[in-house]
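Enquirer: So you can see what is in the structure, the chains are spelled out below.
2 protein chains.
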Amino acid sequence: MIRTDILKSLAIAVALGGLSGCATVPPAPAAAPPPAMQYLYGSAEAAAASVQAYAALVAEAEGRAARRESAVLADGATLDAPRFADCGDKPLAALFDADETLILNGGYEYDQARRGGAFDSASWDRWEKTGTDKVVAVPGAAAALTALRAMGITPIVNSNRSAANAAESEAALAAAGLGTFRHGETLFLKGDADGKSAKDARRAAIAARWCVIAMAGDQLGDFSDLFAGDPAARRALAQSRAIAALWGRGWFVLPNPVYGAGVAGGWDEVFPVGQRWTDPGSKRKE
Amino acid sequence: MIRTDILKSLAIAVALGGLSGCATVPPAPAAAPPPAMQYLYGSAEAAAASVQAYAALVAEAEGRAARRESAVLADGATLDAPRFADCGDKPLAALFDADETLILNGGYEYDQARRGGAFDSASWDRWEKTGTDKVVAVPGAAAALTALRAMGITPIVNSNRSAANAAESEAALAAAGLGTFRHGETLFLKGDADGKSAKDARRAAIAARWCVIAMAGDQLGDFSDLFAGDPAARRALAQSRAIAALWGRGWFVLPNPVYGAGVAGGWDEVFPVGQRWTDPGSKRKE
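Protein chains in written order, with the numbering used here: chain A, 108 to 393; chain B, 108 to 393.
Hints listed in this document are in silico derivations from the structure and should not be mistaken for laboratory results. Heads up, a few of these hints could be off.
Identical chains share a label here; the pair holds if one copy fits it or two copies do between them.
[Unchecked claim] Heads up, simulated DSSO-like pairs for lysine-lysine below, C-alpha to C-alpha not over 27 Å straight-line:
| id | residue 1 | residue 2 |
| --- | --- | --- |
| 1 | 392 | 303 |
| 2 | 392 | 297 |
| 3 | 392 | 236 |
| 4 | 303 | 390 |
| 5 | 390 | 236 |
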């Protein structure tokens, strides 16, 4: 899990630092949650987007299962010319990231936002260990897993939660109403396979045993480790002809403006020069 | 268009105010765009989510057109028991919001973020008038409209842009590669029908002339004016049995964590008490 909340934390630090530099008020939590958290954890619109992503996954699953069509890139495939793993007569599965894909970690994000701090890996580890009854299912996820299981498609999780906390993550998924996952069978974590946080090795190990007809995640790394480069390059890759054809077909993306590789980029990367506008009624100079 | 960017603006104002209160440095733009803008305008993940939403719309359109199944709620329908408008032998159409649904307004948002200000309706009006060559299509939108037109389904826009700027909005949609829209025929704006910003009256006027088989938007108000209440109530409504069945079937939602009704809510609304966590390794007190 890549965390790029730095800007948000900087803004809060500047606000608090600026105030504490000229007054004796103690640091106080912001009046309201950051906008991206309001949207992801609190809005009807984000809930609808999640339900929609899972509806599309279930709608596509039957046909892909009948065609035994894998969604996992084959070893040596490229993003320009994707080829997919061989399904043979392997049992049917669908592959899911956990955090902000199957489960929402509002409990952790609440604590982080109230502290006014940035992502803290030690704190996150304590969340994995002790937050198991605080996670909730992403809207639409539980119904989708039920539908998949009824179709004979086994949900499998490929997460960067720690293998050391496997029992707690099994408990968290079950407590969120997502059913039974077992480490090493239907739950793969950081430390499994090659021990890295990149997920391709675990995906390959899973695809060696299962016919994975669909994948879902909130980060491009949940689909392939081949996505690379600066934000603009990644954004262009996601819309390239071969990859654009996968979204909503075999690859399903969940909204997450709160953290991750999608929350990055400077002014020049996010706003291409040719698309900028200067209000003719303002005094702002470029 | 409801703007609830207030928190973001407040944070910036507090940061700048705090600094300017005890030093003579001039207000400076933030080091990077706000996280929600990084995500929406700059990320591969948001682009993928948009492509996915449009892919689902196109995938569902053929069947809905064959069944002549309207996506517009009938007069007097409720969210508990939705009934849909009568298609009769009306021509086929699909209905779209414009801003952050068909087109991205990164040019305006860039200017607003660089100014460090909140939404400004006078500035937005100047954007409608002079930003026509700066808007870009939402990823996936242009291809979807092309596919719909090839199926004999006419794209229609229902937007809260001003009817006074109809010519400029027609130009903006065309410049973004979305084809021809004509005010009063395939483009409906604030000031049309009943003159209100709520969209039900315009939707009813459109559904009286067209069989609207799908709707897309970034706000629940793009689907029905019946969604109401605080953020938690709206979020529950969007996931209610009858409404959940519409997402990804006849209603298609695009991501927008930057502004709108989804960017709202205090700590209690966004983070239900039972889901909060306090890191046992921190000194934070609830």
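Enquirer: Could you work out which of the previously given hints the structure breaks and list their numbers from low to high?
Expert: Going through the list in order, the structure violates hints 1, 2 and 4 and respects the others.
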